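Heads up: the protein sequence lines correspond to chains X and V, in order.
In terms of numbering that gives the first Met the number 0, the first sequence opens at residue 0 and continues consecutively.
In terms of numbering that gives the first Met the number 0, the second sequence opens at residue 0 and continues consecutively.
Because the hints were derived from the structure by calculation, they are not lab data.
As the structure is a prediction and not an experimental result, all values here were calculated from the model.
Treat the hints with care, as some may be off.
[To be verified] Restraint ranges, calculated between C-beta atoms of paired labels, are given here:
no., chain 1, residue 1, chain 2, residue 2, range
1, X, Lys73, V, Val91, 48 to 54 Å
2, X, Lys72, V, Val53, 28 to 34 Å
3, V, Gly204, X, Lys73, 39 to 45 Å
4, V, Gly52, X, Arg105, 43 to 49 Å
5, X, His130, V, Met203, 50 to 56 Å
6, X, Lys14, V, Cys256, 35 to 41 Å
7, X, Ala115, V, Ile194, 51 to 57 Å
[Stated by the list, open to error] The list that follows gives simulated cross-link-like pairs (lysine-lysine, DSBU-like), each with its CA atoms no further than 30 Å apart:
no., chain 1, residue 1, chain 2, residue 2
8, V, Lys167, X, Lys67
9, V, Lys224, X, Lys122
10, V, Lys224, X, Lys9
11, X, Lys144, V, Lys169
12, V, Lys79, X, Lys110
13, X, Lys184, X, Lys194
14, V, Lys169, X, Lys122
15, X, Lys61, V, Lys167
16, X, Lys191, X, Lys67
17, X, Lys132, X, Lys67
18, X, Lys185, X, Lys121
19, X, Lys144, V, Lys167
20, X, Lys121, V, Lys169
21, X, Lys72, V, Lys79
22, X, Lys72, X, Lys61
23, X, Lys144, V, Lys119
24, X, Lys73, V, Lys224
[To be verified] Stretch by stretch, here's where chain X covers chain V in the computed footprint (C-beta under 8 Å, at least three residues):
no., region
25, 135-147
26, 255-269
Just so you know, even glycine gets a beta-carbon here, dropped at the ideal spot from N, CA and C.
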Amino acid sequence: MKGNFLLELKGISKKFGGVTALQNVDLKLNYNEILAVVGDNGAGKSTLMKIISGAILQDSGKIIFEGKEVSIKKPQDSLSLGIQMCYQDLALIDCLNISNNLFLGREISEKILGVADILNIKKMRDLSIQHLKNLGIVVGNIYEKVRNLSGGQRQIIAISRTVYWSNKLIILDEPTAALGVKESKKVLDLIKTLKEKDISIIIISHNLQHVFSVAERVMVLRMGQNAGDRVIKEIDGDEVVKMITGAEFSGQELLG
Amino acid sequence: MNLKNILLHSSALAILALGMSLVMLTNGIDLSVGSLVSLVSIVTAGLLGSKFGVLFAIFSGILTASFFGIFSGIIISRIKLPPFIVTLGTMVITASLALVLCGGETLYWEKNWFNTIALKYFFGVPILFCIVSIFFILIMLLIHYTSFGSYIYGIGSNEEALRLCGVKVKLYKTLVYLLSGCFASVAGIMLTSRIASGNPIIGMGYEFEAIAAAAIGGISFIGGKGNPAFAFLSAVTITMLTNGLGLMGFTTPWQYCGIGAILVFGMFLNRILAKVSLPER
Chain X
0 MKGNFLLELK GISKKFGGVT ALQNVDLKLN YNEILAVVGD NGAGKSTLMK IISGAILQDS
60 GKIIFEGKEV SIKKPQDSLS LGIQMCYQDL ALIDCLNISN NLFLGREISE KILGVADILN
120 IKKMRDLSIQ HLKNLGIVVG NIYEKVRNLS GGQRQIIAIS RTVYWSNKLI ILDEPTAALG
180 VKESKKVLDL IKTLKEKDIS IIIISHNLQH VFSVAERVMV LRMGQNAGDR VIKEIDGDEV
240 VKMITGAEFS GQELLG
Chain V
0 MNLKNILLHS SALAILALGM SLVMLTNGID LSVGSLVSLV SIVTAGLLGS KFGVLFAIFS
60 GILTASFFGI FSGIIISRIK LPPFIVTLGT MVITASLALV LCGGETLYWE KNWFNTIALK
120 YFFGVPILFC IVSIFFILIM LLIHYTSFGS YIYGIGSNEE ALRLCGVKVK LYKTLVYLLS
180 GCFASVAGIM LTSRIASGNP IIGMGYEFEA IAAAAIGGIS FIGGKGNPAF AFLSAVTITM
240 LTNGLGLMGF TTPWQYCGIG AILVFGMFLN RILAKVSLPE R
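Turn these sequences into a full structure, and let the hints guide you.
Dropping the structure here:
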């Protein structure tokens, strides 16, 4: 293994105009670990993840991946490192079909006449069907446009794409937000199977129940700053809520 | 006889409509195609009068329009200015360049094989329309069977999502404007051959007709929806309409009036047909 941690963030700061989204945030992720990042709305969770995936650029701070300092300036950089992120709202392209979406940016094509790269639509379709079947996802028609799918189906497709291309690290932003009980369980089970494949996972969630059922460690952000980093086994929901809110309320009040 | 005429006359508009529909699928618009046609006509005609030869003249025409296509494309994709404003600028620049280069006069050259391109027929089909059909087939292949094709739809539908997948969005956006410029040059060269002269205002109004053809063909103005094949067909239809109006004795200004009316009516019809056949889920 290279380095002590798979991913290490040191002193990440980011401002949007006058608003400080992240201030001196550190993060450490072990090899083959499931880390949950929690925090209130506007705590900077998504911003931090987008910095790792190259969707936005940090103002200052270092990113160390497998013991080496890396610069992630655009999405291509993080993808080539083996980081795959599933965005909450920007995952799929509505006017393309499921198969196209699964292979977006990594289409399988063949050289025809030595010049033109012609898509191998059949191969992509077969692989898509196979992959979705392996994950136990049922879709009527692989050529259905994503626009016509329900919110939950779209999310499942987005997650399955992330999983399909998973390499070293995957980041899931609110993977269970639009899902029903059954589908949520499916996604959580999926996360557990990924861990067996030697992949590290960062999951952002508001749902502490889900966090406690899959994550091994929880990292709390509050108003753009580190507010705690604990092993799940040594902590209960009450304490996490206190860290999230800054102990303004007791967990009992919020959880009822 | 008249059908041949329609195919011959629709060639330029059909290829412009193809280029325009690609641009519109990416949620853009290219207003410069009309004046690019004029500029290419002047550049090509001017060089045909020189001693460099026909192929060099054609090549220079294509190069000129491609340059302005890339120019618009780079500004739109890198500096992120609205396509409407950027191509409006390119439109005025190229229109005035065309006038400056020819000094406001129509250019003629010694007759050579370039003049006969527009007069030749291949099994009764005008050569020009054959050329356009080849481009049509290539574009259909591009749209449906290459990754660039899916990216064109992707840029129009959700550009940010595409970027986050690691696709070089800026490159592909520039390429689309390059293609549109290229197609404008092909249209310009075909028209120059047809009228056997270089005319600085020959392309006037073509951007409007191309946009109308794409819109009537069902290409969405917000991108991501539509098929260039229908834009191609509606370009032929529009030509048929103007041709019909011409036969009925209406002059060119009245024909424009007709296209304007058919644009609004066609969009209205599109909306109704969409409601009847494809209920939104």
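Comparing the hints with the structure gives:
1. X:Lys73 / V:Val91: 48 to 54 Å: Given range 48 to 54 Å: violated, Cβ gap about 34 Å.
2. X:Lys72 / V:Val53: 28 to 34 Å: Since the Cβ atoms of lysine 72 of chain X and valine 53 of chain V sit about 48 Å apart, the hinted range of 28 to 34 Å is violated.
3. V:Gly204 / X:Lys73: 39 to 45 Å: Holds, at about 41 Å.
4. V:Gly52 / X:Arg105: 43 to 49 Å: Since glycine 52 of chain V and arginine 105 of chain X have Cβ atoms about 45 Å apart, the given range 43 to 49 Å holds.
5. X:His130 / V:Met203: 50 to 56 Å: 53 Å Cβ-Cβ, so the 50 to 56 Å window holds.
6. X:Lys14 / V:Cys256: 35 to 41 Å: violated, 55 Å
7. X:Ala115 / V:Ile194: 51 to 57 Å: violated, 35 Å
8. V:Lys167 / X:Lys67: OK: lysine 167 of chain V and lysine 67 of chain X at ~26 Å, within 30 Å.
9. V:Lys224 / X:Lys122: Roughly 25 Å between the alpha carbons, so the hint for lysine 224 of chain V and lysine 122 of chain X holds.
10. V:Lys224 / X:Lys9: Violated. Lysine 224 of chain V to lysine 9 of chain X sits at ~44 Å, over the 30 Å cutoff.
11. X:Lys144 / V:Lys169: holds, 25 Å
12. V:Lys79 / X:Lys110: Answer violated: lysine 79 of chain V to lysine 110 of chain X is near 33 Å, above 30 Å.
13. X:Lys184 / X:Lys194: holds, 16 Å
14. V:Lys169 / X:Lys122: holds, 28 Å
15. X:Lys61 / V:Lys167: At roughly 25 Å apart (the allowed maximum being 30 Å), lysine 167 of chain V and lysine 61 of chain X satisfy the hint.
16. X:Lys191 / X:Lys67: Within the cut-off at roughly 27 Å; holds.
17. X:Lys132 / X:Lys67: Violated, at about 37 Å.
18. X:Lys185 / X:Lys121: holds, 28 Å
19. X:Lys144 / V:Lys167: Given that 30 Å is the threshold and the Cα spacing comes to 23 Å, the pair holds.
20. X:Lys121 / V:Lys169: holds, 29 Å
21. X:Lys72 / V:Lys79: Judged against 30 Å, a Cα distance of about 19 Å means the pair holds.
22. X:Lys72 / X:Lys61: Holds: lysine 72 of chain X and lysine 61 of chain X sit about 12 Å apart, inside 30 Å.
23. X:Lys144 / V:Lys119: violated, 44 Å
24. X:Lys73 / V:Lys224: Holds - the C-alpha atoms of lysine 224 of chain V and lysine 73 of chain X are around 28 Å apart, at most 30 Å.
25. 135-147: holds (count 4)
26. 255-269: violated (count 0)
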